[in-house]
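Assemble the whole structure, with the sequences as input and the hints as a guide.
Heads up: the protein sequence lines correspond to chains A and B, in order. First residue of the first sequence: 1, per the numbering used here; consecutive thereafter. First residue of the second sequence: 309, per the numbering used here; consecutive thereafter.
In case anyone wonders, no lab produced these hints; they're calculated from the structure. All clues stand as given, with none of them false.
Here are a few chain A residues that sit away from chain B, every Cβ distance over 12 Å (derived from the structure):
| hint | residue |
| --- | --- |
| 1 | 11 |
| 2 | 76 |
| 3 | 145 |
| 4 | 158 |
| 5 | 160 |
| 6 | 172 |
| 7 | 210 |
| 8 | 257 |
Short, incomplete list of chain B residues facing chain A, as computed with Cβ under 7 Å:
| hint | residue |
| --- | --- |
| 9 | 472 |
| 10 | 480 |
| 11 | 642 |
Residues of chain B clear of chain A, computed beta-carbon distances all greater than 10 Å:
| hint | residue |
| --- | --- |
| 12 | 404 |
| 13 | 422 |
| 14 | 506 |
| 15 | 528 |
Just so it is clear, CB atoms sit at the ideal spot from N, CA and C, and this is done for glycine as well.
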Amino acid sequence: MFSDFSAAELTAIFAMQGFAGLILFAVFVLMALGLAIIFGQMGVINMAHGEFMILGAYVTYMTSNLFANHFPELFGSYFLFAIVLAFFAAALLGVIVEWGLIRFLYHRPLDTLLATWGLSLILQQAYRSIFGAREVGVVIPDWLMGSYQLTDMIEVPINGLFVMALAVLATVTVAVLMYRSRWGKQVRAVVQNRDMAGAVGINTARVDRLTFALGCGIAGVAGSAFTMIGSTGPSSGQLYIVDTFLVVVFGGAGSLFGTVASAFSISQSQSIMEFFMGGSMAKVLTLLVVVIILMFRPQGLFSLKVRR
Amino acid sequence: MPFSSFKEFMPRQDLLSFLVLALVLLVALPLALDVMRLNQVGKFLSFAFVAVGLVLCWGYGGILSLGQGVFYGLGGYALAMYLKLEASTPENTAIQTTPGIPDFMDWNRITELPWFWEPFYSLTFAIIAVVVVPSIVAYLIGVAMFKRRVGGVYFAIITQSIAAILTILIIGQQGLTGGVNGITDLRTLKGWNIHTDEASYILYFVCVALLFVCLLVAQYIRRSKTGRILVAMRGQEDRVRFSGYDIANFKVFVFCVGAAFAGIGGAMFTLQEGFMSPSFVGVVPSIEMVIFCAVGGRLSIIGAVYGVLLVSVAKTLFGESFPDLWLFAMGLIFIGVVLALPNGIAGLYANWVAPHVDRLLDRLFGKPGEPRIDVLQPSSQGASS
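As structure tokens, this is what we get:
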């Protein structure tokens, strides 16, 4: 399939698709970060993760409307407020869900899957009732529009760069929180042995709730970032959930570095193959390779070595 | 026959449940419903095949597959391909550029029948494929996963990805598979029109009969030594392994049986509905099938049938009049079942009704029933990963 192109063209194709892949990578990282915390650390299969993302997207949509109608002079900066609001809205919903549902199911991980699937149905219908069934998009402020022209064949969209910066920021924040803060130490202690952590004086219920809320909050940020790239509908969340789980599992649940690495490899192979064989076949092939690798290395690429 | 008596194969309470189900499906529903509704129930029952398989895999084996839609779809497509070829005779498709091939291939400018369609000219091949293709796929997945001791959550996510892959593949390869619309416009089976009222009645009874065959196979497995090992494995996998059993083989076996059931269900759906499409293959329908099983009770093969019927009937009746509220209700049902009724309606029956029924039977027949060995206990299954 490469023979039809000259070497220079191939380089440009790889560079261009590679860059498109970087944007996809940023999206995957944002989606998977929250799940890496909720699923990778806590072991909760949150099938409603996509709906938490969509909540972030709708919050962004509402914020942009609010700014356009009431503070038009500040419209350029609405997105920064929207990200913060999206984080807190999703995190708040996360606290409620953890309190009302998840905390009863920590010892039955497969049941969290069913219960959160029910939750995702409820949330989807709620979005449909509140915002309508149509997809909504936001107006991107001027400073995020346009693109840099690197060479005559390669151009770089600014909103893509912004999403990437956001992904880097979120990843670094989570890494610092998990591996450098006192709270992160508590989270990891609770995850490894809930009873023992409780016995040494960690308030496990509080740690669980905050961890779940953090994961959901990051999902909200991811949803906020989506609005830069595409439009949002009530059931958009379901489109991403399989990819997100696969990214986390492929990287090795519980390993933050693994999540980033697997998001990178999946997004790059998807994006580069897309040019040669079309979107759906590229996706099939990527997922298939990931599943086959997982069959040989079920614990994921970069799993932590733990004694079971 | 490894059972010493019929009673060991089918204890009194189980026999009673089988008889009641037979009464409901063979007598009550056909008498009470008109042909359109009965056809609808028949389609619901095609999901019961999947749910019964899931009881064996998930309830007994502790392996949750989120990819049962794959097997349902493979079975359904296998039969749909035969029916489509039968419907695409050169005379019926004379207006096409290439007569004699299915219409959607013609629309996608494919001029030759793809090689994997060729064998489906034979009905025997198609019927064998309905059972064998899903089993082979399940075998490959099962061997790859269980021999390497992948289980629990990871197995669920990988099977879910496989469901996603197959859906994307079917939709992407429009010319070969019919794409999003699926394989439609199926008319006859060996010249027999499947859309008449008479055909609906006959297909309903065929569906029920096949369901009972599957239920009896499931009952056989669950009462046999294999079933007992599965239950032991679900609770303490390592202990069973250290006792010298190859865990993986038991898991692969039960997963293949579940897949074969699902394939039959898919084929029965195709026959009764007259089409097959990727909307029964993907992630969402696969999870719905798990939920049918959970509502019915993940440890009860008969309960699974009732679970399918109850949820589907509620979806149809309630969903027709209040589509918005129905999704809320469905979400709440799932959450409620998981939180309050881990063993579904079958668990309710076993805990509250079955003791009274037992006492009544004792009084009627004057002898105490055998002690119930598999009482549904609200334990935490499927927690292993």
